[in-house]
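For the protein sequence lines, the chains are S and P, in the order given. Heads up, the first sequence is in numbering that gives the first Met the number 0, so the first residue is 0 and it goes up one at a time. Heads up, the second sequence is in numbering that gives the first Met the number 0, so the first residue is 0 and it goes up one at a time.
These aren't lab readings, by the way, just hints derived from the structure by calculation. Treat the numbers as computed from the prediction; the structure is a model and nothing was measured. Backbone N, C-alpha and C define an ideal beta-carbon position, used for all residues, glycine too. Just so you know, not all the hints are guaranteed correct.
Anything over 12 Å on all C-beta distances counts as not near chain S; from chain P, calculated [unchecked claim]:
hint, residue
1, D4
2, I14
3, T20
4, I149
5, Q150
6, K152
7, F178
Straight-line distance between alpha carbons at most 16 Å, and here's what the computed EDC-like set of lysine to aspartate or glutamate pairs gives [to be verified]:
hint, chain 1, residue 1, chain 2, residue 2
8, P, K80, S, D52
9, P, K172, P, D140
10, S, K55, P, E79
11, S, K133, P, D148
12, S, K133, P, E52
13, S, K124, P, E158
14, P, K169, P, E79
15, S, K46, P, E158
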Amino acid sequence: MNNRSRQYRIAGIVSLALLFCVSAATVFSGQTGTTAATDSTSVPDVKCVIGLDEFKPNTTGIITVQGDSVSFAKDKKKGEIKVTQISDIFLGNESRQDISGLGGTAVKAAIPYGGGRILSLFSHKVEVMTVEFKDANGGFHGAIFVLPEGHATALRNLLVAKGAKVTQHAEPPPPTENKQ
Amino acid sequence: MRYHDRVASLSMLAIAVSCATFLLASSVLAQPGSPAPAQAAPQKLSASAIQVERTDPPPDLVIPEDFRISTYENVLLQLEKTKKFQTVYRSGDQRAAGVKDLIILKLVPQAYTAGSQKQREVTTIKGATSITIKVQFTDRDGKVLLEKDIQGKVRFYGENLNATYDFAKKVAKVVNESF
Chain S
0 MNNRSRQYRI AGIVSLALLF CVSAATVFSG QTGTTAATDS TSVPDVKCVI GLDEFKPNTT
60 GIITVQGDSV SFAKDKKKGE IKVTQISDIF LGNESRQDIS GLGGTAVKAA IPYGGGRILS
120 LFSHKVEVMT VEFKDANGGF HGAIFVLPEG HATALRNLLV AKGAKVTQHA EPPPPTENKQ
Chain P
0 MRYHDRVASL SMLAIAVSCA TFLLASSVLA QPGSPAPAQA APQKLSASAI QVERTDPPPD
60 LVIPEDFRIS TYENVLLQLE KTKKFQTVYR SGDQRAAGVK DLIILKLVPQ AYTAGSQKQR
120 EVTTIKGATS ITIKVQFTDR DGKVLLEKDI QGKVRFYGEN LNATYDFAKK VAKVVNESF
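From just these sequences and the hints, can you work out the full model?
Here is the structure:
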């Protein structure tokens with residue numbers, strides 16, 4: 000009888016530990032959006048402003064650095080840039096309105112007595128990564144990605160580690176709006 | 000009495016005829032029917048292909064790279080939309096070397112004002128973003144065929160990079176008018 004209760008107790012502890020591990024893994028993967036492996040990473044909720052032929056401007060998707068390329072994907076579409084094609088990477092900081100787009104603008108305009116301006120005060124910081132690269136014919140391309148804050152530097156470092164060329168350049172002055 | 004009546008009626012007739020003549024002459028002269036010599040329409044340019052070249056800004060002009068890239072890419076997109084050229088080549092594309100009637104479009108940055116979306120939307124009078132770029136259409140030999148300063152701006156709603164879209168639309172308009 001004692002043995003049986005001991006077995007139950009051990010099984011309970013093991014199952015609790017397993018449950019904890021699974022839930023922790025889920026929570027952490029949801030928080031960071033990056034894979035555990037050091038040579039690859041992916042960031043969700045990235046906006047490709049312009050520069051990839053496969054996508055219309057301002058498409059939101061997932062950017063992934065894996066193997067020898069950086070790719071941007073939405074649904075089944077995928078645009079890819081080989082690391083060897085990259086000639087430079089620029090990073091910048093900006094802020095974006097929390098309520099934006101056509102719908103957001105309409106809402107702001109619809110609030111009487113200029114109340115929509117209050118909504119314009121709410122914004123969040125983002126990072127802008129500009130990737131310059133050349134195609135097989137030597138044609139110059141540039142792709143602009145807007146990422147959630149805190150991911151751009153890691154992405155650039157990973158790309159540089161994989162062999163992407165980066166030159167030193169003067170940083171432009173930071174944007175004027177610092178207050179959130 | 001009869002004599003006076005005749006003179007009076009004759010003089011009235013003369014006045015009426017002269018008035019009618021005057022009115023007729025003035026209306027004929029005032030008619031815009033006489034076509035003015037047509038203004039010589041500017042000769043349109045033609046080419047089968049165009050190549051867009053980026054030019055570095057002067058050292059004292061700092062433009063964020065995302066702005067420059069967005070300008071370049073938006074211009075390429077808008078040029079393709081005009082359908083005035085069979086091919087739109089990117090800067091550095093080696094295939095352009097074999098095109099005889101190639102037009103080269105140079106984008107030379109002239110001025111840049113960094114605005115703020117928040118300021119624009121809150122104050123409605125401050126925070127405009129603008130970029131001014133000299134647009135040069137040249138032939139292969141470097142002869143300038145057309146040159147214009149074009150400004151792209153965003154004044155009220157929208158992100159800062161929308162100024163580059165505005166600029167590209169204006170470039171497309173110039174191309175539509177000149178090609």
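Right, here's what the structure says about each hint:
no.: 1; hint: D4; in the structure: holds, 79 Å
no.: 2; hint: I14; in the structure: holds, 67 Å
no.: 3; hint: T20; in the structure: holds, 63 Å
no.: 4; hint: I149; in the structure: holds, 19 Å
no.: 5; hint: Q150; in the structure: holds, 19 Å
no.: 6; hint: K152; in the structure: holds, 17 Å
no.: 7; hint: F178; in the structure: holds, 22 Å
no.: 8; hint: P:K80 <-> S:D52; in the structure: holds, 14 Å
no.: 9; hint: P:K172 <-> P:D140; in the structure: violated, 25 Å
no.: 10; hint: S:K55 <-> P:E79; in the structure: holds, 14 Å
no.: 11; hint: S:K133 <-> P:D148; in the structure: violated, 28 Å
no.: 12; hint: S:K133 <-> P:E52; in the structure: holds, 14 Å
no.: 13; hint: S:K124 <-> P:E158; in the structure: holds, 13 Å
no.: 14; hint: P:K169 <-> P:E79; in the structure: holds, 14 Å
no.: 15; hint: S:K46 <-> P:E158; in the structure: holds, 13 Å
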